[in-house]
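Peer 1: What follows is each chain in one-letter form.
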Amino acid sequence: MKAHYKTAVTTCALLMLGFGLLYSTHKTINVSAAAGGTITGTIKLDGTPPHQKPIDMSKEPACAKEHASNPVTTETVVVGPMGGLRWVVVYLSEGLDAGTASQVPSETPTWDQKGCQYIPHVMALDVNQHFKVSNSDPHSHNIHPLPAPNGANHEWNRSQPPGTPPFDQVWAGQEVAIPVKCNIHPWMHGYLAVVKGPTGVSDANGSYTISNVPAGTYTVTAWQEVYGSQSQKVTVGAGKPTTADFTFKAK
Amino acid sequence: MAKFFAVTILVIAILSAIPIVRNTWHPVEDISTHGQAIDDQLSETMWEAGISFLASQILLAWLIWRFSSNRAGEKTKSFPGGAMGLVAAAFILVGVEVLALGIFGVKAWANLYFTPPGSDAMPVQVQAGQFAFYFRYPGPDGKFGPIHADKISEASQNFFGLDPDSDPDAKDDIVTAEMAIPVNREIRLLMHAKDVSHSFYVPALRIHQDFVPGLDLQIHFTATKIGRYEIVCSQLCGLGHYNMKAYLDVLSQQDFDDWLRKEAAMQ
Amino acid sequence: MHDMSAHAAAHHGPPTSFIRKHIFSLDHKVIGKQYYGLGLVAVIIGMVLSWLMRIHLGWTNAAIPGLHLLSKTGAPGDVMTPEFYLQLMTMHATFMVFFVLTVAPFAAFGNFFLPIHTGAEDMPFPHFNMMSFWTTFVAFCVMILSFFVGDGPTLGGWTQYAPLSAVGSVAGPGQGAGVVIWATSLAIFCLGQLFGALNFIPNVLDLRCKGMSLWRLPLPTWAWFITSCMGLTSFSVLMPACILLILDHVAGTSFFVASNLVINDQLQPHSGGSTLLWQHLFWFFGHPEVYIAIVPGMGIVSHVLICNMRKPMLSHRVLVYSMGALAVLSYMVYGHHMFVSGMNPFSSLLFSFPTLLITIPSTIIVLIWIGSLYGAKLRINSASLFALGFISMFITGGVSGFFLAQPSIQILLHATYFVVAHFHFTMAIAALFGIFAGTYFWFPKMWGRMMDETLGKVHFWCTFVGTYAIFMPFHYLGLAGNVRRYSSFPADYMQSFVGVHKFITIAALFTGAAQLIFFYNLIHSRFRGKPAPDNPWQATSLEWSIPSPPPHDNFGGRHVVVYHDPYQYGVESSTGDYVMQDSPEQVKTEHEEA
Amino acid sequence: MATTVHEPPKVEPRRAPGGPGNPGNGGLRNLVPNDDSLPAVRDYAPAPSRTGIWVVMAAITMTFAAFTSALVVRQGAALDWHHLTLPRVLYWNTLVLLASSVSLEISRRRVAVFMGGPRTLDLKPARWLHVTLFLGLAFVAGQYAAWLQLRSEGLFLATNPNSSFFYLLTALHALHVLGGLTGLTYVLRKLHGVILRRSTLDTFSYYWHFMGVLWVYLLLLLWMRL
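Chains as they are written, first to last, in my numbering: chain A, 3 to 253; chain B, 1229 to 1495; chain C, 4 to 597; chain D, 739 to 964.
In short, the hints are calculated from the structure, not lab data.
For clarity, every value in this text was computed on a predicted model and none was experimentally measured.
Using N, Cα and C, we set each Cβ at its ideal position, and we do this for glycine too.
There's no promise every hint is true.
Calculated from the model, a selection of chain C residues having no Cβ within reach of chain B, i.e. all distances over 12 Å [claimed, not checked]:
#1 Arg-382
#2 Gly-404
#3 Gly-451
#4 Asp-580
#5 Ser-586
Taking lysine-lysine pairs in the PhoX-like style, the calculated list, with each CA pair at most 20 Å apart, reads [as the list claims (entries may be wrong)]:
#6 Lys-253/A - Lys-1399/B
#7 Lys-1303/B - Lys-24/C
#8 Lys-1490/B - Lys-55/A
#9 Lys-235/A - Lys-253/A
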């Protein structure tokens, strides 16, 4: 009886020690890995997507003309060939170490207004990452992001006459995602996803890539403007790509 | 100096009158059944106002011309008619004039606002929001689905906050960004404001009515001429006010039906 | 309050320290000058704002160098954004209506000359009088502040219609803090004007000198008296309206915001408010305000004309009665601003008749002016030119009133440039011409120096012609359906108007530049002008029987007694063709009774 | 129009202070005799303050009239008007305020006697003014109690339109009452300095009684369902 008890304790102790060692070595490897791995995957929609209403831009003749041949529809759920779901933001919601989280990419993406649409419809940004807002149309636009009230981000609302230089903006806190409206053209609607660390946005085929991910175990979250968020745990090894696919159910 | 001033007044008065006389600037052509009365009222008023304008400016100019030369020893004279004469003139001329205008004007106003729409009038709903008009046709069932303010979403183009899944009436409602109406058919327009005060101004239709948030108004009119006209907002509603407009297509019944079918298909 | 009157009144010699003399002075004359200065500053601001607006309307996407200095976000690349245009428009209207048209002809000239006209040594409650100015000044500063707070001043227009003005910043830039500041400033302004009325009314009723019966008061004083009665009853309505508006913003109440309003896909937290309530409260103040701006101008112009016609008006009393009628009617007609606003269409008709009736007293006033010109010995100088110009402008503005008084025609003209033309000709330009006439006429008395006549005449010609060039075309644009308060004209049928707007812009810049002549003349004459005699115009009313500028207590302790009606011109007296109001000389009048 | 004047117009003789249409001392402003001697105090009543107080009351009336119309419109505008039952303490406050008016009238009488008759100070008009002051303060305290009660019932400024108007109107009225009380302390100071002018006291009492009337009106307005 007693012996059994002793063996049990020792095995547990050894096991714990072993795990401990394993973990610590793991850590050291991780630190040495310079170029992180990547997370890729495809996002699919299961079921029939909701009808995307065509947008009538007759109020703004210039835009109406621009889209005369290829009518524009709403972009709430955009499904590509083979059911790939577009405009899904994928980011690391858990597991990031402080160092990576605080890094701010140097490039400044541009949020363009063209043909009375936001290009891109959904843009992922890092916290404190600067981005430019530009107007390629021959008429004024208005940019009115509506972040959650009393959060780290503050609502602003300004117009951009044609031919004026792009202006620079930045968001202070993580928020997935900030809806952006044009007050002059009610149909213009887009999202700015502000997240810490590396992110990806799914393309027309529903596939995305998050690069420069340090090896480690993460919770990967995919956000879609209609279907909300999904998460899964993945472990990223040094340098080698990890896949994480998501499937949203059509309501 | 004074004579020059008199001449200046005269010249300005005449120059101001020329564009009116030559009708250089005039309201767009009227395409409504009730508009004629308004136009008559306008030209009526234009005559009386124009005459009073010219008459008094010319009189003023003449008086300045005549009485500015201070001949030595000349005594000031008083107007023979005296004050009471002028007061009487004001009451008789202007009083009668404007009261007549007012009374005749009642007709023009009344046949727009005090006549109920015919029972066969076609219902159309217009919703004004920052900064666009959207229109709703009841569809085959002739009934508008209820508006759920909490469901209104410009992102998904659900401008009226319809809920087809739970409201049968809303299923066949047709929402459009342009207003099309059949020619020579009376329209009963239901006006709903989504956010702030706006105004529904169609110069060609001689229709001008504010949207009142929290109070849905109704107007009715009949368009008599096929064509493409403009609806603009004339009540300051925010930064996009200048660009708040929509097109009004007056179509033949046939074209209208086709158009409505096309729109229905796109819902 | 009467302690103040007692102190200022009783044993108080002229102040000695600079502060008491020029800044916190109890002397109605200093306060009048302070108001005049405030009006000048405000008019410059308002004018510059209007230039910027005009340039934008003529050349919409043109860059205006340095514009970005005025607003953080309103002018990217010095190009004016639509919201910034509306903010400028709102501020232009607010500064002009409140801090120029109300302050200059009424508060400034009224403070300086009303006590002198009544033969009093000062206002009854000088401390309140001083507070009146400084309260107004604070209101002015608060309004200026809104340029620098949040995303700039409100863009809601000076009428500030709810719910746009009441839902907060979600409705647009400046609709949050901007509106609160605007409403606060106006509430303070109302307080200041009420202090003013508190002095004007008792002064006229109680502090008239011996022999000064009510009918012996000169016309401007009558006008100021009527105006202060209007101010008393209208500013005390604007103030509560502003308080309610502020509460809707800061306290979450719902006085003006209806239920189920959705702005930017956000359901508004308010419920049950009444949209039309604000319009009713505002216009109950707003329409009398129009006459608060005009009536003093009428009084001043009559005063100036009489002196330069060398004969009294056909009827002193009819003029006074007509101005009174304007005041009374102005409360019954405010609904004509709301003909198509969703008010019961029947009440639109009810409002249209008093509106048409108000043309009768206006016509009487104009006819009296014109009839009095008959048989005059007209003197042409800067003052009388502006006075005559006032008549011409007022006729033009009044005539367009025929149209706007009729609901049926407002279906076409409501909220178009026709309305803009109308209220600029009546309220704005007519009042400004009153201010100019008063300035050229009274400057010698206020500052003891003559103004330069030549410059004055040049200023008049540019202003008179320029003004018509600016505002006449507005009528045409309005007839063609050009909607006001648009920062540009994207509607197809308005494209053709842009040319006219370019012309108007050029005229506006020219006319504005001409005002620099006036400012130069003002400042130059203030210091370099040749000293003015006591009575440079051979005028009769009391202000001309005292030194220029008047001493601290106006009459140098003299117990002034009045023997005559205010306008004894065209008589034979030892002094010439006129006799001063306070000279006991017996005169024979030449022309027969009117 | 231009009337010929042959003899100087007759100047109205100075009427008794407070008489209607007092010519205001013919524009002379020595309202207080240089030596603050009591007999002199009786004359030289400045009419302006009497007119002025009417101006003030007119302005206040218009303001509350505007609020009234707002209340009426707002009550009809929507169905969200929950008529609240007024806190009982308000009725006591009403009595207090009316009582203060009475005590004010008593002291006014006494001051009249004091100025007219043998100026013996044992009439103690000041005492009754102190009573008014105390009652006025009591009224404001009572109003505060009423607000506390509503808060305890969970009714705040923005709870519903009726409570909004209740707080708004009562608070503004209380503000005006406090203004009156400061005026009263001034009157007391003058009375102790024996340089109180009749018009000062009259002006103040007009205002104070007006406050009472205004309060009764507001109470009715808030009490009845229109």
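Peer 1: Could you run down the list of hints and mark each one as holding or not?
Peer 2: Do the hints match the structure? See the list:
no. : hint                   : verdict
1   : Arg-382                : violated, 7 Å
2   : Gly-404                : violated, 9 Å
3   : Gly-451                : holds, 27 Å
4   : Asp-580                : violated, 8 Å
5   : Ser-586                : holds, 20 Å
6   : Lys-253/A - Lys-1399/B : holds, 18 Å
7   : Lys-1303/B - Lys-24/C  : violated, 46 Å
8   : Lys-1490/B - Lys-55/A  : holds, 13 Å
9   : Lys-235/A - Lys-253/A  : violated, 24 Å
Hints 1, 2, 4, 7 and 9 from the earlier list are contradicted by this structure; the remaining hints agree with it.
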